[in-house]
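Q: Let the hints inform the model, and build the full structure from the sequences given.
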Amino acid sequence: MEKPKQAKTLREAYEVLDPIRPLYGEWMEFYVDRPEESSMMGLQEELGLDPSDDDKTLLTGTHGSGKTTELYRLVAQFSRDHFIVFMDASESLNLGDIQYTDLLVLMGLQVFKVAREAGLRADDQKASHLRFWYEEYVVEKGTANLEVEVGAELNAVIARISGQVKSDAPRRQSVRATAQARLSDLLERLNDLLQELRRKAGKRILVIIDGLDKVYNLKQVQDLFLQGANALLEPACRILYTVPFALSYTVDFQQVRLSFTRFYPLPNVKTQQANGEPYAPGREMLQKVIYRRVHPSLLEPEAVNQLVEYSAGLTRELIALARNSVIIARRRRGDQGPVRKEDVEEAAQRVRNTFRAMLMEEHYRELARILRGEPFVNSPVAWELIHNLSLLAYNGEKAWWGIHPIVRSLVEEWVNRYGD
Amino acid sequence: MVTEIIASDRDFLEEALSLAQGAAFFFVLHEEGVARDLQMQNLQQALEAQGRPVHKVRFDLTSPDLLTMLSRLPLRPSTIVFVDVRGVEYAKFNPENYPEGVELRQKAQNARQMLSNLNLQRDQLTAPGVSLVFWVSEQALSQIAQWAADLFSARSGIFDLRPFVGPRPFISERSESMLYGSHLQELLRVRAVQELPPEERQKRKQTYERRLREESSKPVPHLARMASLHHELALLSLSLGETAKALSHQEAAVALYRKLAENGDPDALQISGKSLNEFGLILASLGQREAALQAAQEAVELYRRLAAAQPQAFLPDLAASLNNLGARLSDLGQREAALQATQEAVELYRQLAAAQPQAFLPDLAASLNNLGNQALWPGAARGGAAGDAGSGGTLPSACCCPTPGLPARPGRESQ
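Sequences listed follow chains A and B, in order.
The working numbering puts the first sequence at residues 25 to 444.
The working numbering puts the second sequence at residues 1309 to 1723.
Read the hints as simulated data drawn from the structure, not as lab findings.
Quick caveat: nothing in here was measured; it's all calculated off a predicted structure.
The beta carbon of each residue, even a glycine, is placed where N, CA and C say it ideally should be.
Take these hints with a grain of salt, some might be off.
[Unchecked claim] Now the in silico label distances, taken between C-beta atoms and shown as ranges:
| # | chain 1 | residue 1 | chain 2 | residue 2 | range |
| --- | --- | --- | --- | --- | --- |
| 1 | B | Arg1521 | A | Ala100 | 53 to 61 angstroms |
| 2 | A | Tyr442 | B | Pro1382 | 49 to 57 angstroms |
| 3 | B | Asp1368 | A | Glu421 | 47 to 55 angstroms |
| 4 | B | Pro1385 | A | Gln297 | 42 to 50 angstroms |
| 5 | A | Val439 | B | Ala1621 | 25 to 33 angstroms |
| 6 | A | Gly420 | B | Pro1506 | 51 to 59 angstroms |
| 7 | A | Lys224 | B | Ala1617 | 49 to 57 angstroms |
| 8 | B | Leu1375 | A | Asp359 | 28 to 36 angstroms |
| 9 | A | Tyr315 | B | Pro1385 | 25 to 33 angstroms |
| 10 | A | Arg104 | B | Asn1571 | 34 to 42 angstroms |
| 11 | A | Gly358 | B | Ala1621 | 56 to 64 angstroms |
| 12 | B | Asn1571 | A | Gly420 | 24 to 32 angstroms |
| 13 | B | Pro1505 | A | Lys422 | 48 to 56 angstroms |
| 14 | B | Pro1385 | A | Asp209 | 47 to 55 angstroms |
[To be verified] Which bits of chain A does chain B cover? Going by a derived footprint, with three or more residues having C-beta under 8 angstroms, they are:
| # | region |
| --- | --- |
| 15 | 29 to 39 |
| 16 | 365 to 379 |
| 17 | 407 to 415 |
A: Shown next, in the form of structure tokens:
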């Protein structure tokens, strides 16, 4: 697609209402600031104010709440006075089978690359010290040379090594076993290089590890953090790890959370307050998200209001629902629309049917409790509801949990049929 | 009415696919079988008539790598790929509930793995820039929403093409992968440490001791970080046969969590109780009975205080701690005291099970079983976990459940 621009037809609207794409590069044009209480400003300020060279942050947030887009913005902000190492764990590691050792091995390689890009030669003492470790224990003899020139060649070598670790299970097991038995050595060499880089370049190093929040198997990611917490805290640089939102509800995670410097859950944008009153700043922001992408003449105001209402404050939900409403409106009225409230209702009905297929009896029971105004109780059923987005957490004077507006009528229907 | 809905969804899907020019994920609800095949064929013809090439791949337990399958297709941006999804419904079963060798266990494991991998491939699946249409049953959709949640949340639409929507069976099986006993996990953690070469354990110990000194010398030390380091050092010391040192590190960790709690962190006290219980179980596994008893007693005291303030939140932990205490007393042959502690656990579980039978009846049953065993075979007759492994030895392979016959559920015994 060419440079994205505000849609003037419903066909164009369909294209720019893409729920998969996080905003970066030219698409950042569509970015709308979140209301202050739902933004990353708190974290940005804290990271900016913290003079530490080695603080460790855990970031989480609901699926589709805009986390990755916010991380890209964070990178843009901090790249001025930090060396940024951005690792998408889902690209460079096998998240179906991951341990903290794998993460540290790949992180070391990325740091090596950044150090080389910053001007450290491959035969610089600290850089070569780390390189020897990889050549001895990770790189298969004759398959990759870390002494190559910085740029495409080095990127390709590192991609080849991580590709092997990612997709070749026996190779991964073997690297893991070898690295695990020599991890303190790796950490020592890595830290020497990090300190050298910091000293020579006068910049702090910020490593961002995105994608760990995509590991659905909480047991696996919990193991990673519980078993590896001290090792993951060890590198002498600033690190931000993403974690799955549901994990933050488990008791064991609290132990991990406390030992990290900070834990930041990206708050969902509110469309209403805990008492059910509409929340204007959140609604206005979500309206802007639509109008930034689609010309107002293509949507009736009531349709936009309804989209916002049904989005539950999640930008990805908003965009997906708008995309489906566009299809319906286009069928009914052609390429100039406009999208009407009834189109949104029909699109929402389809989403509702999805939830109808997904929700189980125990889910309804728990949602019925919330509907009655009873307090949120942390339980595995609640984690599932949070994970499938039928229950959403919001911040206020104190945290509160609301039923997804599209799901609400299903719960009411269930209560009417089966009682409390 | 039903016919209208079908026609509407069918048309709606066709419209959405004709608009989709880049990467997009669609889901079509349709049970497996001939009717699904016919629907696919019918839609394929309609799309091809519009000039949209359509390919079909089967995504099931025997061909679980969608990315590789796609890489073999001649894809271009206008291509639409129908993904015929089968067999992922098995992901709803918890493999751990079925013994090794049972076919269902393997299928459940494979289905979960297959969906987890699919989830992780989300971004790579968008790379070819084609529309993927997943044809799924209702149960499969539910499992995809759970195990491939990230991919599912990026969907462009769901279309219900089922000819008849019958009553949906209620399924009560929990996704128990989210529930697992922390003491089991702690044992695995100890085991992982023990599997390291002694020189690596020694080196890690030195690294963390150095880090601990650095942290404690800071003007404002990070207490939880220090507690975490003490806990790790306790495990490393234990693995090196330095039991006294391990105990001292563990005590330091608990003291720091208490301090954090006094400083106003509500979770820290609970963590210290959990930490005590876990460590008590490990000590018991290693035959350190006196030390294990001390840890269990401290955990009970702590949870008594917490439960007095917030019974709803902490009575289950108190009951589990009392169970542990009963087992540790029994290890030392203190039959009367063991019976008293386990009796109290039984009473608490009775109360809890009366309110929430589904959640607590298994714990009540396990506690009653403990009670019976303690009454019949006091002290030395108890086998299994509290065997004479000796200090600094390797961990026994069995979990340290209070009774060899009926294990308490993970997470209930120790937390």
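Q: Identify every previously stated hint that the structure contradicts and give their numbers, smallest first.
A: Violated hint (a single one): 1; every other hint is consistent with the structure.
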